[in-house]
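If you want the building blocks of each chain, they are given just below.
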Amino acid sequence: MRKRWLPFVILGALAVCFAAGMAPGAGFTAKAAPPAPGAAVKGIVKFQGTIPKPSHIDMSADPKCAQIHPTGATTEDIVADGNGGLQNVVVYVSDGLGDRKFETPQEAAVIEQKGCMYKPHVVAVRANQELKVVNADPTTHNIHPAPNNNREFNQTQPPGLPLSATFAREEIAIPVKCNIHPWMRSYIAVFKHPYFAVTVKDGSFEIGNLSPGTYTITAWHEKLGMTFQKITIGESETKTIEFVFKAQPGS
Amino acid sequence: MGLRWVKEKVRRSMGIATVKRITVQLLTLGALLSAVQPSYAIPAFARKYNLRCSDCHEAWPKLNNFGQTFKDQGYQLMTGRDAPIYQQTSYFPIMFRSIPFWHRESDNRVATDLVPGNPGSGQVESRVTTSGFDISGLDIWTAGTLYKNISFAVQPALDSSGKAHLLTYYVRFDNLLGSRWLNLKVGKFELDTLISEERELFLTNTGGFYQNYHFTPPGDRTSFGLGDHQLGAELLGHSINDYTRYSISVLNSNDGQVGATASTYDVYGHFDQGFELPKMGLQRIGVYGYVGQRPTFFQTSGGAPIAGTGMGNRSFSRTGLYGLWYLGKFDFTTFYLHGQDNVFLGNGVRADQPFNLPPGAAGPTWNGGFVEAHYTYNPQLILLSKFETVQMSRQANPATRKNLGDVRVWTVGYRWYPIMSSRAGLAWHQEYARAVTVGTAPLTGRDDVTSSFLMGFDFDF
Amino acid sequence: MMNGSRIALVLLMSCGIPSFSQESAIGNLTGHAKSGKALYRRYCITCHGAHGDGAGENAPHLDPKPRDFTRSTFKCRSTPSGTLPTDSDLYDTISRGVYNSGMPPWRPLTRQDRADLVAYIKTFSPRFHEEPPGTPLLIPPEPPASPESVQRGAELFQNMNCWSCHGKEGRGNGPSALTLTDSKGYPIVPFDLTSGMHFKCGDSSRGAFRDLITGLDGTPMPSFTDALKPEQVWDLVHFIESLQSAGTREASQAKAEPNVK
Chain F
371 MRKRWLPFVI LGALAVCFAA GMAPGAGFTA KAAPPAPGAA VKGIVKFQGT
421 IPKPSHIDMS ADPKCAQIHP TGATTEDIVA DGNGGLQNVV VYVSDGLGDR
471 KFETPQEAAV IEQKGCMYKP HVVAVRANQE LKVVNADPTT HNIHPAPNNN
521 REFNQTQPPG LPLSATFARE EIAIPVKCNI HPWMRSYIAV FKHPYFAVTV
571 KDGSFEIGNL SPGTYTITAW HEKLGMTFQK ITIGESETKT IEFVFKAQPG
621 S
Chain U
45 MGLRWVKEKV RRSMGIATVK RITVQLLTLG ALLSAVQPSY AIPAFARKYN
95 LRCSDCHEAW PKLNNFGQTF KDQGYQLMTG RDAPIYQQTS YFPIMFRSIP
145 FWHRESDNRV ATDLVPGNPG SGQVESRVTT SGFDISGLDI WTAGTLYKNI
195 SFAVQPALDS SGKAHLLTYY VRFDNLLGSR WLNLKVGKFE LDTLISEERE
245 LFLTNTGGFY QNYHFTPPGD RTSFGLGDHQ LGAELLGHSI NDYTRYSISV
295 LNSNDGQVGA TASTYDVYGH FDQGFELPKM GLQRIGVYGY VGQRPTFFQT
345 SGGAPIAGTG MGNRSFSRTG LYGLWYLGKF DFTTFYLHGQ DNVFLGNGVR
395 ADQPFNLPPG AAGPTWNGGF VEAHYTYNPQ LILLSKFETV QMSRQANPAT
445 RKNLGDVRVW TVGYRWYPIM SSRAGLAWHQ EYARAVTVGT APLTGRDDVT
495 SSFLMGFDFD F
Chain A
7 MMNGSRIALV LLMSCGIPSF SQESAIGNLT GHAKSGKALY RRYCITCHGA
57 HGDGAGENAP HLDPKPRDFT RSTFKCRSTP SGTLPTDSDL YDTISRGVYN
107 SGMPPWRPLT RQDRADLVAY IKTFSPRFHE EPPGTPLLIP PEPPASPESV
157 QRGAELFQNM NCWSCHGKEG RGNGPSALTL TDSKGYPIVP FDLTSGMHFK
207 CGDSSRGAFR DLITGLDGTP MPSFTDALKP EQVWDLVHFI ESLQSAGTRE
257 ASQAKAEPNV K
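So the sequences go chain by chain: F, U and A.
Residue numbering for the first sequence follows this note's numbering, starting at 371 and increasing by one per position.
Residue numbering for the second sequence follows this note's numbering, starting at 45 and increasing by one per position.
Residue numbering for the third sequence follows this note's numbering, starting at 7 and increasing by one per position.
Keep in mind that the hints were calculated from the coordinates and are not lab data.
Check the hints yourself; a few may be wrong.
As a list, the in silico BS3-like pairs of lysine-lysine whose alpha-carbon atoms are at most 27 Å apart [claimed, not checked]:
| id | chain 1 | residue 1 | chain 2 | residue 2 |
| --- | --- | --- | --- | --- |
| 1 | F | 423 | F | 502 |
| 2 | F | 423 | F | 484 |
| 3 | F | 434 | F | 471 |
| 4 | A | 40 | F | 502 |
| 5 | A | 174 | U | 373 |
| 6 | A | 174 | F | 484 |
| 7 | F | 502 | A | 190 |
| 8 | F | 502 | F | 571 |
| 9 | F | 484 | A | 40 |
| 10 | F | 423 | F | 616 |
Only some residues are given here: those of chain U computed to face chain A with a beta carbon under 8 Å [as the list claims (entries may be wrong)]:
| id | residue |
| --- | --- |
| 11 | 94 |
| 12 | 98 |
| 13 | 99 |
| 14 | 124 |
| 15 | 221 |
| 16 | 288 |
| 17 | 314 |
| 18 | 315 |
| 19 | 317 |
| 20 | 320 |
| 21 | 326 |
| 22 | 328 |
| 23 | 423 |
| 24 | 465 |
| 25 | 486 |
Computed from a predicted structure; not experimentally measured.
From the three backbone atoms N, C-alpha and C, an ideal C-beta is built for every residue, glycine too.
Extracted from the complex, chain F is given alone in its bound form (with noise of 0.2 Å):
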């Protein structure tokens, strides 16, 4: 008869603890698995306003790098087309996948250095990718990503040294610079999905395999900020949207 309140003391503790969750990254599973995806959301991103010029970098600083660039190369912070179609944007989906997990992809994503320039400027991957980086020049680099959320290193590579590196945590985006080319400058953009995209020379993306639903799609671009809009995509539907940066004032 004695101490009868104790186990239900004990197990009404229980149940707080697991309502809360507490172990570390012990998420819920899915609810059943979504209908098959066959949606896309599709589109331009565009730059309103004047583009602003691009300033010129002197490579002479690294004689190799001024060999391969005589005269020069410019800055790619905002690159746009004749009809401002706006490139290295990231649109992706932000919010509307819920708590669903996706397999990390076998495949590396490439990063390049070449002809003292990162190519490509704006690079997406998936969190715990493998992401190449080649040096494809005659010169040493350094590769030194500075992230907010996840670790913060700095190699050295020489001409052809193999280097690979894995970002763990989501974050939109990574700032790249080489210490010893103080004007290289990309962004690693990390999900941990897959819709995403980076827009190519008209400012135009595709984002495939879609299941039908609501989403927020945003647009981040490093120098001209983010912007997002909600859409609902029925199924095998492809929908149509327009991002639009405007010129930042005094720029």
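Assemble the complex: chain F is given as a structure, and chains U and A must be docked to it using the hints.
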């Protein structure tokens, strides 16, 4: 502080110079300066290095081991930015400290006239109690580096009447030959000790100094205080974390009196060793010894003594050991001293006139010590207590009562630091102290009990 | 206790409530974050801030800025770039201080105090919970500093583009030098290799070797561990040492810090 000096002067003016006293002998300028109670907590260093007071001080002004190491390194952190060239040109290493307070002093056996104003009415012993607001003297303190590995300190202290004294004044050559075991200090300075009277946490007239550092037996002419700032040169060395320290000093035989020379030199040696006890902290034991001489008479011209020509020099010594014990938030300081003065010094007789010695005269000896306990609740609150005693083991004149001059002092208090920043300091201080000295009541020869209570704001900027 | 209670109690204990008490292990010392917190409040808070983010009251007056522990990026490590330092790395940095900065050598604190501080500092970033420290990189024995080794080091200094920051003579005035910023965006200068000054993370040839292979995370100084073989790194160390004027080099070698206690 200043009040203690005033009290002593009042006693003397009552014409009881022949009665043997053992309260602080304020005969020399050096002793007077110790009554002004300057203490060191130096916001100038906090400004230079962007560190808080609590980094170097257990509870300012008491140093912790990091602060003691900083001091032993010549007020240098050894991070490559100690030389003055690294400071802003507007930085000047100066600080001020002062204390406005309210206090109450009481002495239970003072010779007073039976009828106030009428000396012919006869005298009785009565209790005299005074109280009121007051201010301490002003500490002006400047110290730092002249150059990498050349440090200095200058302290012109003002007593509460505004009169200035040169208390500390030295240049120090640090890390000679690239070794932290060789540091040479020349000038006027406090003797090297880890129990620094200048950094003591007590402020009252009764409890704010160490009796053992100033004790002189009744009738003894030796003018010396272990806590007085001496004139001379000191060689000091320490290990990289300051756990092992030694120092050797050669001092003028005149208790640090400025503007006067002496005919002999004194020597002081000190050694201490720290060790860690698991779960408790850093413990230290130290041993020290001061051996000096004092003249018993001077050459004269027309009957007037010629300064610096002391003759008939006889010796005295102060030796002992101490320990600093840390047990978590508690820390204890234990201290022992053995004092010994030559028979001529002890009886105030010229060494060339031994016939003037009383029958059976001997060199007086005494033993003393204290236990001081602190509880540092956090860097902004510290509780304090101290018990100190000095006991004569042999009187200079065997006719004197055996324990005449023995003293026992109890002190309790606390300090609360409402602000703790890297620029200035403020402490609220409350303290009570009570001293019993044996046989020194002026008329009856009974025990004299004095007490002090103080509360005030100690500020430092 | 009744059977039901016993089972419930066992289930409760297997809940796996994560322990938020941090500990550190340095040699045979165990440090405790709880004790470290009181020490941090006394010694560290004024620069590193109450939240360990390097935004203490004195931070605006300091250059370089105090370390932001929440980013878990540390300069002085024995582990590869991008990985966490070991407890001993943090302990050594606390003891040695960081030369030419506002970080004093805290060696006068007891060993236990320093171990406790390491444990507390680790609580500022969740990374210390989530991943183990990197595996310390090995420093092989140093081969003799022959003129050939110095010459090979000179070639490496050229090919590895060290001169772009440190300058052709190592004086810290290379073409990229004025563009450099640390990872928080504050300007930072490359080390003047000719100055004979102590390195930030400790002296001696081994210290220089270690800096080269681990890189100083949070600064533009990269890691060479993938790019160079160990003997090449020693060549580079010998060349760097030859840049210091003979007098200061010997003096700084002689002052190489003793084994940190």
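Okay, the hints, checked on the actual structure:
no.: 1; hint: F:423 <-> F:502; verdict: violated, 32 Å
no.: 2; hint: F:423 <-> F:484; verdict: holds, 23 Å
no.: 3; hint: F:434 <-> F:471; verdict: violated, 45 Å
no.: 4; hint: A:40 <-> F:502; verdict: violated, 43 Å
no.: 5; hint: A:174 <-> U:373; verdict: violated, 55 Å
no.: 6; hint: A:174 <-> F:484; verdict: holds, 25 Å
no.: 7; hint: F:502 <-> A:190; verdict: holds, 26 Å
no.: 8; hint: F:502 <-> F:571; verdict: holds, 23 Å
no.: 9; hint: F:484 <-> A:40; verdict: violated, 51 Å
no.: 10; hint: F:423 <-> F:616; verdict: holds, 15 Å
no.: 11; hint: 94; verdict: holds, 4 Å
no.: 12; hint: 98; verdict: holds, 5 Å
no.: 13; hint: 99; verdict: holds, 5 Å
no.: 14; hint: 124; verdict: holds, 4 Å
no.: 15; hint: 221; verdict: violated, 11 Å
no.: 16; hint: 288; verdict: violated, 12 Å
no.: 17; hint: 314; verdict: violated, 19 Å
no.: 18; hint: 315; verdict: violated, 18 Å
no.: 19; hint: 317; verdict: violated, 14 Å
no.: 20; hint: 320; verdict: holds, 5 Å
no.: 21; hint: 326; verdict: holds, 5 Å
no.: 22; hint: 328; verdict: violated, 12 Å
no.: 23; hint: 423; verdict: holds, 5 Å
no.: 24; hint: 465; verdict: holds, 7 Å
no.: 25; hint: 486; verdict: violated, 49 Å
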